[in-house]
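Visitor: Go by the hints and put chain V onto chain B.
The residues making up each chain are set out below.
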Amino acid sequence: MKYLSLENNKIVNQISISNVDITEPRFSINSSSQKILVTAKEGNFIEENKILLKKNVKFSSNNFSIESDNVTFDRVKQTAFSEQKSVFKSNKTTISSEGFNIYDNGNKIKFFGNSVIILK
Amino acid sequence: MKISLFILLTVLITMNIASARKVGETEITTDDGIEVFQNEKYYLLNTNVKIVSDSFKLSGDKIKIFFNNDLYDINIIDGEGNIKLESEIYKINASSEKLIFKVESEEINLQGLNSRLITDEIEMFSDEEINVNNSNGNFYINGLNSALKSDTVLIQGKKIEGVFDNSQDTKEIIILNVFDEDLAYTKTNNTEMYANIINYNRKNSLIELENNVKIIRDGEIITGDYGTLNMETNSYKVKSKDSKKVKVIISNQDE
Numbered sequence: 001m002k003y004l005s006l007e008n009n010k011i012v013n014q015i016s017i018s019n020v021d022i023t024e025p026r027f028s029i030n031s032s033s034q035k036i037l038v039t040a041k042e043g044n045f046i047e048e049n050k051i052l053l054k055k056n057v058k059f060s061s062n063n064f065s066i067e068s069d070n071v072t073f074d075r076v077k078q079t080a081f082s083e084q085k086s087v088f089k090s091n092k093t094t095i096s097s098e099g100f101n102i103y104d105n106g107n108k109i110k111f112f113g114n115s116v117i118i119l120k
Numbered sequence: 001m002k003i004s005l006f007i008l009l010t011v012l013i014t015m016n017i018a019s020a021r022k023v024g025e026t027e028i029t030t031d032d033g034i035e036v037f038q039n040e041k042y043y044l045l046n047t048n049v050k051i052v053s054d055s056f057k058l059s060g061d062k063i064k065i066f067f068n069n070d071l072y073d074i075n076i077i078d079g080e081g082n083i084k085l086e087s088e089i090y091k092i093n094a095s096s097e098k099l100i101f102k103v104e105s106e107e108i109n110l111q112g113l114n115s116r117l118i119t120d121e122i123e124m125f126s127d128e129e130i131n132v133n134n135s136n137g138n139f140y141i142n143g144l145n146s147a148l149k150s151d152t153v154l155i156q157g158k159k160i161e162g163v164f165d166n167s168q169d170t171k172e173i174i175i176l177n178v179f180d181e182d183l184a185y186t187k188t189n190n191t192e193m194y195a196n197i198i199n200y201n202r203k204n205s206l207i208e209l210e211n212n213v214k215i216i217r218d219g220e221i222i223t224g225d226y227g228t229l230n231m232e233t234n235s236y237k238v239k240s241k242d243s244k245k246v247k248v249i250i251s252n253q254d255e
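Chains as they are written, first to last, in our numbering: chain B, 1 to 120; chain V, 1 to 255.
Hints are computed from structural coordinates only; laboratory data are not their basis. The beta carbon of each residue, even a glycine, is placed where N, CA and C say it ideally should be. Please note that a few of the clues may not be correct.
Computed cross-link-like contacts, EDC-like style, restricted to lysine to aspartate or glutamate with a CA-CA straight-line distance of at most 16 angstroms [said to hold, decoys possible]:
no. : chain 1 : residue 1 : chain 2 : residue 2
1   : B       : K110      : V       : D32
2   : B       : K110      : B       : E98
3   : V       : K239      : V       : E210
4   : V       : K214      : V       : D182
5   : B       : K110      : V       : E40
6   : B       : K92       : V       : E25
7   : B       : K89       : V       : E27
8   : B       : K89       : V       : D73
9   : B       : K35       : B       : D21
10  : V       : K50       : V       : E86
11  : B       : K108      : V       : E40
12  : V       : K239      : V       : E208
13  : V       : K149      : V       : E121
14  : B       : K89       : V       : D70
15  : V       : K171      : V       : D120
16  : B       : K120      : V       : D54
17  : B       : K92       : V       : D127
18  : B       : K108      : B       : D69
19  : V       : K62       : V       : E35
20  : V       : K98       : V       : E128
21  : B       : K120      : V       : E220
22  : V       : K41       : B       : D21
23  : B       : K89       : V       : E35
24  : B       : K85       : V       : E106
25  : B       : K55       : B       : D21
26  : B       : K108      : V       : D70
27  : B       : K110      : V       : E35
28  : B       : K120      : V       : E27
29  : B       : K120      : V       : D70
30  : B       : K108      : V       : E35
31  : V       : K171      : V       : D70
32  : B       : K54       : B       : E83
33  : V       : K50       : V       : E25
34  : V       : K158      : V       : E121
Pairwise CB distance ranges, derived in the manner of DEER restraints [unchecked claim]:
no. : chain 1 : residue 1 : chain 2 : residue 2 : range
35  : V       : I89       : B       : V87       : 28 to 34 angstroms
36  : B       : T23       : V       : F56       : 47 to 53 angstroms
37  : V       : K159      : B       : K50       : 57 to 63 angstroms
38  : B       : S31       : V       : E27       : 25 to 31 angstroms
The shape of chain B in the complex, shown without the other chains (with noise of 0.2 angstroms):
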């Protein structure tokens, strides 16, 4: 925790305050045919139940992984989403794109914006 102290202008004490609210948090999200772990290094609570994931976001099921930054993840709701740039993997296919929304307990996902496939 970062904070300051004054006393006639000047700091008689310092204490470190951190803007992270959960460091390296993990989540998951469950449905019926898969399980798909969400971890982070940051997260911030931006509303009771939604949280802004930031840095190394990863979302990863047996299926498939997604990497991003800033992703806002409802864990009521068990969606995500991020209109930052994404790269989606799964076996032999890559999805680039501009941004991502994962709904329906993550048996949808949504890419945004120009994206490209690469098919092996």
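Guide: Just chain V, lined up with the frame of chain B:
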């Protein structure tokens, strides 16, 4: 200096784009995203979609791809809006409003106005539907302005169906059946034929014409109920249910 830097940058960007897809890979680009439906096993590609692989190029406004287990394991391609398909390897050039391609059966279905499928040997046109199954050789062309064209024959009719010999490199037609309640039309080297039903079988090299038959050759017009044209001898016969009804008109006009 600025111009040469600009040229260099343009070349580098172009090289980067050109090298984005490696040999053996398929690259799909869209202007407005992709929706993946994992349980339903398909993905939607939205706006200005381009698919480029080693063997073909396909573009369209919106394309839906069904897959078997993983996204790369493509089963059916279903596209609509400004569909264009090119394949140098398979020597195919096609365009239509809607396309369905079934990978396993190698079946291509084109729908909509100005649908066309061009190969080295045959050209197919329709304002409604063209369907070719490459694995068994079956094909049909349905609807208004349907036509099939090759170097030696032109066929027009509302319903054209047949079978290719797909055992050889060249796609030769084995069986052809044409139906049009108005009149189907066929033109070979020097003969024009009209009838409601036109059938061809390669085994006997015979074109059969049924109902409202009219054969035109060298200024001679023959009408009747039934006719045949032997493609090997180029000779024809016309019959009528009432034998007196066969009619011959000989024109003296120079062509």
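Visitor: Next, verify each hint and record whether it holds.
Guide: Hint by hint, here is what the structure shows:
For the hint linking K110 (chain B) to D32 (chain V), the alpha-carbon distance of about 10 angstroms falls within 16 angstroms, and the restraint holds. A threshold of 16 angstroms between alpha carbons decides the hint, and for K110 (chain B) with E98 (chain B) the separation of about 11 angstroms falls inside it, so the pair holds. Distance restraint check for K239 (chain V) and E210 (chain V): the Cα-Cα separation of roughly 10 angstroms lies within the 16 angstroms cut-off, and the hinted pair is therefore satisfied. The straight-line distance between the Cα atoms of K214 (chain V) and D182 (chain V) is roughly 13 angstroms, inside the 16 angstroms bound, and the hint therefore holds.
Proximity of K110 (chain B) to E40 (chain V) is assessed by CA-CA distance (about 14 angstroms); at most 16 angstroms being required, the pair is judged to hold. The hinted pair formed by K92 (chain B) and E25 (chain V) meets the criterion: a straight-line CA distance of about 9 angstroms does not exceed 16 angstroms. Distance check on the hinted pair: K89 (chain B) and E27 (chain V) sit about 14 angstroms apart at the alpha-carbon level, within 16 angstroms; holds. For the given pair, K89 (chain B) sits about 14 angstroms from D73 (chain V) by alpha-carbon distance, which is consistent with the 16 angstroms threshold.
With a C-alpha separation of about 25 angstroms, the suggested pairing of K35 (chain B) with D21 (chain B) is violated against the 16 angstroms cut-off. Between K50 (chain V) and E86 (chain V), the direct Cα distance comes to roughly 12 angstroms. Compliance with the 16 angstroms bound is thereby established for this hinted pair. A threshold of 16 angstroms between alpha carbons decides the hint, and for K108 (chain B) with E40 (chain V) the separation of about 9 angstroms falls inside it, so the pair holds. Annotation: proposed proximity of K239 (chain V) to E208 (chain V) holds, straight-line Cα distance about 11 angstroms (limit 16 angstroms).
Note on K149 (chain V) and E121 (chain V): the hinted pairing holds, with a Cα-Cα distance of about 9 angstroms set against a maximum of 16 angstroms. In summary, the hint linking K89 (chain B) to D70 (chain V) is supported, as the alpha carbons are separated by about 11 angstroms, within the 16 angstroms threshold. Between K171 (chain V) and D120 (chain V) the alpha-carbon distance is near 9 angstroms, which keeps this suggested pair within the 16 angstroms criterion. Our distance criterion of 16 angstroms between C-alpha atoms is met by K120 (chain B) and D54 (chain V), whose separation comes to about 11 angstroms.
Note on K92 (chain B) and D127 (chain V): the hinted pairing is violated, with a Cα-Cα distance of about 38 angstroms set against a maximum of 16 angstroms. Restraint check: the Cα-Cα separation between K108 (chain B) and D69 (chain B) comes to about 20 angstroms, which exceeds 16 angstroms; the hinted pair is violated. Between K62 (chain V) and E35 (chain V), the direct Cα distance comes to roughly 11 angstroms. Compliance with the 16 angstroms bound is thereby established for this hinted pair. A hinted pair counts as satisfied when its Cα atoms are at most 16 angstroms apart, and K98 (chain V) with E128 (chain V) qualifies at roughly 10 angstroms.
For the hint pairing K120 (chain B) with E220 (chain V), the CA-to-CA distance comes to about 62 angstroms; that exceeds 16 angstroms, so the pair is violated. Between K41 (chain V) and D21 (chain B), the direct Cα distance comes to roughly 38 angstroms. Violation of the 16 angstroms bound is thereby established for this hinted pair. Distance check on the hinted pair: K89 (chain B) and E35 (chain V) sit about 15 angstroms apart at the alpha-carbon level, within 16 angstroms; holds. Distance check on the hinted pair: K85 (chain B) and E106 (chain V) sit about 36 angstroms apart at the alpha-carbon level, beyond 16 angstroms; violated.
With a CA separation close to 14 angstroms, the supplied pair K55 (chain B) and D21 (chain B) stays within the 16 angstroms bound. About 14 angstroms separates the Cα atoms of K108 (chain B) and D70 (chain V), which keeps this hinted pair within 16 angstroms; it holds. Between the alpha carbons of K110 (chain B) and E35 (chain V) the distance comes to roughly 4 angstroms, so the proposed pair stays at or under 16 angstroms and holds. At most 16 angstroms may separate the alpha-carbon atoms for a hinted pair to count; K120 (chain B) and E27 (chain V) meet this at roughly 9 angstroms.
Under the criterion of a C-alpha separation no larger than 16 angstroms, the hint pairing K120 (chain B) with D70 (chain V) is consistent with the structure, at around 11 angstroms. Distance hint between K108 (chain B) and E35 (chain V) is fulfilled; the C-alpha atoms sit about 7 angstroms from each other, no more than 16 angstroms. At most 16 angstroms may separate the alpha-carbon atoms for a hinted pair to count; K171 (chain V) and D70 (chain V) exceed this at roughly 34 angstroms. Among the hinted pairs, K54 (chain B) with E83 (chain B) is consistent with the structure: their alpha-carbon atoms are about 12 angstroms apart, no more than 16 angstroms.
Among the hinted pairs, K50 (chain V) with E25 (chain V) is consistent with the structure: their alpha-carbon atoms are about 14 angstroms apart, no more than 16 angstroms. Between K158 (chain V) and E121 (chain V), the direct Cα distance comes to roughly 21 angstroms. Violation of the 16 angstroms bound is thereby established for this hinted pair. Hint check: I89 (chain V) to V87 (chain B), Cβ distance near 31 angstroms, so the stated range 28 to 34 angstroms holds. In this structure, T23 (chain B) and F56 (chain V) meet the distance hint of 47 to 53 angstroms, their C-beta atoms being roughly 49 angstroms apart.
At roughly 59 angstroms, the beta-carbon separation of K159 (chain V) and K50 (chain B) lies within the given 57 to 63 angstroms, and the hint holds. For S31 (chain B) and E27 (chain V), the Cβ-Cβ distance of about 30 angstroms falls inside the hinted range of 25 to 31 angstroms, so the restraint holds.
The structure fails hints 9, 17, 18, 21, 22, 24, 31 and 34 (numbered hints given earlier, in ascending order).
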